[in-house]
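The chain contents come next:
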Amino acid sequence: MLIVDDETNVARTLSMVFEREGFQVQTAYSCAEALKILDNKPALDVIITDLNMEREDIGLEVARAAQQLSKRPIVVICTGYANTSNAQEALDMQVDYLATKPADLPELLTALNRLLALRTARERGATQ
Amino acid sequence: MTQPARKTGTALIVHGDLGVMTGLQDALSNSGLSVITARDLPTALLAVTQHYFDLVLVSSRVNEEGDGWPLAGVMHMVFPNSYIAVIAPDKNVVSLQAAVNYGANQVFEFTSSPLEIVGAILRRMPAVSRPVQ
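So the sequence lines, in the order shown, correspond to chains W and Z.
Here the first sequence is numbered in numbering that gives the first Met the number 0, starting from 0 and rising by one per residue.
Here the second sequence is numbered in numbering that gives the first Met the number 0, starting from 0 and rising by one per residue.
Honestly, the hints are just simulated from the structure, not real lab data.
Glycine included, every Cβ here is placed at the ideal spot set by N, Cα and C.
Don't take every hint at face value.
As the list claims (entries may be wrong) - Simulated restraints on C-beta separations:
hint : chain 1 : residue 1 : chain 2 : residue 2 : range
1    : Z       : T21       : W       : T7        : 50 to 60 Å
2    : Z       : L44       : W       : R113      : 31 to 41 Å
3    : Z       : R122      : W       : T7        : 35 to 45 Å
4    : Z       : S28       : W       : P105      : 36 to 46 Å
5    : W       : R63       : Z       : S28       : 44 to 54 Å
6    : W       : A120      : Z       : L17       : 28 to 38 Å
7    : Z       : R38       : W       : S29       : 48 to 58 Å
8    : W       : R19       : Z       : T110      : 45 to 55 Å
9    : W       : Q25       : Z       : T21       : 32 to 42 Å
10   : W       : Q67       : Z       : L44       : 32 to 42 Å
11   : Z       : P41       : W       : T99       : 48 to 58 Å
12   : Z       : P79       : W       : R63       : 39 to 49 Å
13   : Z       : T42       : W       : L68       : 23 to 33 Å
14   : W       : L68       : Z       : L114      : 35 to 45 Å
Unchecked claim - From the derived model, a few chain Z residues whose C-beta atoms are all more than 10 Å from chain W:
hint : residue
15   : G15
16   : D16
17   : K90
18   : S111
19   : L121
Extracted from the complex, chain W is given alone in its bound form:
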């Protein structure tokens, strides 16, 4: 899992929560850092990105780059600044989940587990 947030405390907290849930977590503290990681085409199951970092809505670029990976990870946008414009763009991009800050962590975990289970089921179905 890759967590992208320019607020160090948020990134670290999310990282701790998801590590406790058994995820291997990598963190990036800016869009640029995240894009550099994604350039190396890592095998990611999930990417959780903030929206406003170096500039407004730049997290959509992280989401877009993640969707270009050969094995598309589950893409979650977590933001305190959702508006109709960026939410519409997230919908148009078919982002998997849009969470608002402060994130409801149990709800986010439930959603992630559901999305991961669905993806696994579909992959299994595709190979049968």
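Since chain W is already given, all that's left is putting chain Z on it; use the hints.
Chain Z only, in chain W's frame:
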């Protein structure tokens, strides 16, 4: 404006308002789709067990406020490659967020006409790739 291409396949409309549903049904039928309708959740779920749907068009309010969203989520899980559109009271952050989280593709407002809704869907909906039943 570009005319939407004529489509094939089967659509499900789930809407509590008979007038709106009829308008949507006519517009979709005229575009070449077979249409199944449901005015409540049990009928919609029954339809899911009987048909494959390429397009599902759901009101966010079927019988009570907000009950259409989880139905859209169910449709997305059952028909992951199908196009899911939801008609909501407003196209605001809350409804757009619900659309993302329930796996919908597009949101329309209650004030949109059936022709506007169907035209917009057909312009964006990918062509049906499986054989038509």
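Evaluated hints:
For the pair T21 (chain Z) and T7 (chain W), the supplied restraint of 50 to 60 Å holds, since their beta-carbon distance comes to about 56 Å. As the Cβ distance of L44 (chain Z) to R113 (chain W) is approximately 19 Å, the hint placing it in 31 to 41 Å is violated. As the Cβ distance of R122 (chain Z) to T7 (chain W) is approximately 44 Å, the hint placing it in 35 to 45 Å holds. Range check, S28 (chain Z) to P105 (chain W): Cβ separation about 44 Å, and the 36 to 46 Å hint holds.
As the Cβ distance of R63 (chain W) to S28 (chain Z) is approximately 37 Å, the hint placing it in 44 to 54 Å is violated. Between A120 (chain W) and L17 (chain Z), the C-beta spacing of about 37 Å keeps the proposed range 28 to 38 Å intact. A C-beta distance of roughly 50 Å is found between R38 (chain Z) and S29 (chain W), which places it inside the suggested range of 48 to 58 Å. Remark: the range hint 45 to 55 Å for R19 (chain W) to T110 (chain Z) is upheld by a beta-carbon distance near 46 Å.
Checked against the given bound of 32 to 42 Å, the beta carbons of Q25 (chain W) and T21 (chain Z), roughly 53 Å apart, lie outside it. Q67 (chain W) and L44 (chain Z) have their C-beta atoms about 36 Å apart, which keeps the hinted 32 to 42 Å range intact. Between P41 (chain Z) and T99 (chain W), the C-beta spacing of about 33 Å breaks the proposed range 48 to 58 Å. Take P79 (chain Z) and R63 (chain W): their Cβ atoms lie about 21 Å apart, and the range 39 to 49 Å is violated.
In this structure, T42 (chain Z) and L68 (chain W) break the distance hint of 23 to 33 Å, their C-beta atoms being roughly 40 Å apart. A C-beta distance of roughly 39 Å is found between L68 (chain W) and L114 (chain Z), which places it inside the suggested range of 35 to 45 Å. At roughly 24 Å, the least C-beta separation between G15 (chain Z) and chain W is larger than 10 Å, which holds for a residue marked as non-interface. Its beta-carbon lying about 24 Å from the closest one in chain W, D16 (chain Z) satisfies the requirement of being farther than 10 Å from that chain.
The claim that K90 (chain Z) is not at the interface with chain W is violated, since a C-beta of that chain comes within 10 Å of its own (minimum 7 Å). S111 (chain Z), annotated as away from the interface, keeps every beta carbon of chain W farther than 10 Å; the closest lies near 15 Å. No Cβ of chain W approaches the Cβ of L121 (chain Z) within 10 Å, the least distance being about 17 Å, so the stated non-interface status holds.
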